[in-house]
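Visitor: Sequence:
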Amino acid sequence: HEVDLPLAGDFQIANALVSAGLAISTGTPAAKALMALEKLKGAPGRLDLVGTTSHGAPVYVDYAHKPDALENVLASVRPFTTGRVIVVFGCGGDRDRGKRPIMGEIATRLADVVIVTDDNPRSEVPETIRAAILAAAPGAIEIGDRRKAIHEAVAMLHAGDTLIVAGKGHEEGQTIGAETLHFSDHEEVRAALQERAA
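The sequence shown: position 22 = 22 (my numbering), numbered continuously.
By construction, these hints were calculated from the structure, which means they are not laboratory data.
Treat the hints with care, as some may be off.
SDA-like cross-link-like pairs, simulated, lysine to any residue; straight-line CA separation at most 20 Å [stated by the list, open to error]:
no. : residue 1 : residue 2
1   : 66        : 5
2   : 99        : 75
3   : 39        : 49
4   : 66        : 152
5   : 148       : 128
6   : 39        : 5
7   : 66        : 126
8   : 99        : 49
9   : 66        : 105
10  : 39        : 11
11  : 99        : 72
Nothing here was measured: the structure is a model prediction, and the numbers come from that model.
Given these sequences and hints, build the entire structure.
Guide: Quick look at the structure:
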């Protein structure tokens with residue numbers, strides 16, 4: 001059977017095949033289970049295609065906020081990208097400080113353009129968080145304001161490029177100090193794409 005899975009990424013393929021296998025093992029006819037895969041929708045914020053530029057460059061939002069998740073999402077889009085892989089990401093404050101340089105190294109190794117930004121700095125100084133990432137990410141661009149980082153990344157897209165905005169996924173807030181402000185990567189990507197198209 002040939003199946004046209006409407007989701008990108010090896011992890012999506014693996015999850016879809018496990019789902020089909022479970023359905024078949026519980027009595028669903030194989031043809032029906034496999035046909036159903038063609039109608040799957042991904043989880044919000046998991047390699048979620050938010051839009052494309054007029055040149056067809058896709059922009060994804062992904063929840064990847066740990067090293068293995070960032071590595072998986074960047075590796076997943078590489079085979080489909082003929083131009084540059086661009087990533088915007090940061091690391092949360094008051095959380096695992098050891099992952100910051102690891103994520104910087106992963107981003108630099110797997111993406112062609114890396115933009116390091118803020119992602120829920122909480123009670124930490126945002127510049128300190130970014131500095132820990134940048135120490136392992138030579139050549140990365142630092143733009144603390146997440147909104148500006150997303151808009152800059154969308155503005156630099158060319159035909160064949162892919163942009164991943166990682167870290168927040170489905171979340172709709174940016175926690176700074178004790179305050180959580182409304183912020184959605186999805187909304188900012190859509191606004192940046194509209195701004196670019198104008």
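Visitor: Taking the hints in turn, state whether each one holds.
Guide: Checked hints:
1. At most 20 Å may separate the alpha-carbon atoms for a hinted pair to count; residue 66 and residue 5 exceed this at roughly 26 Å.
2. Between residue 99 and residue 75, the direct Cα distance comes to roughly 18 Å. Compliance with the 20 Å bound is thereby established for this hinted pair.
3. For the proposed pair residue 39 and residue 49, the alpha carbon gap of about 15 Å is at most 20 Å, so the pair holds.
4. For the suggested pair residue 66 and residue 152, the alpha carbons sit about 23 Å apart, so the restraint of at most 20 Å is broken.
5. Restraint check for residue 148 and residue 128: the C-alpha separation of about 19 Å stays at or below 20 Å, so the hint holds.
6. A C-alpha spacing of about 8 Å is found between residue 39 and residue 5, which places the hinted pair at or below 20 Å, so the restraint holds.
7. Proposed proximity of residue 66 and residue 126 is supported: the alpha carbons are some 18 Å apart, at most 20 Å.
8. Between residue 99 and residue 49, the direct Cα distance comes to roughly 26 Å. Violation of the 20 Å bound is thereby established for this hinted pair.
9. With a C-alpha separation of about 12 Å, the suggested pairing of residue 66 with residue 105 holds against the 20 Å cut-off.
10. Distance check on the hinted pair: residue 39 and residue 11 sit about 17 Å apart at the alpha-carbon level, within 20 Å; holds.
11. Restraint check for residue 99 and residue 72: the C-alpha separation of about 15 Å stays at or below 20 Å, so the hint holds.
Checked against the numbered hints given earlier, the structure breaks hints 1, 4, 8 and satisfies all the rest.
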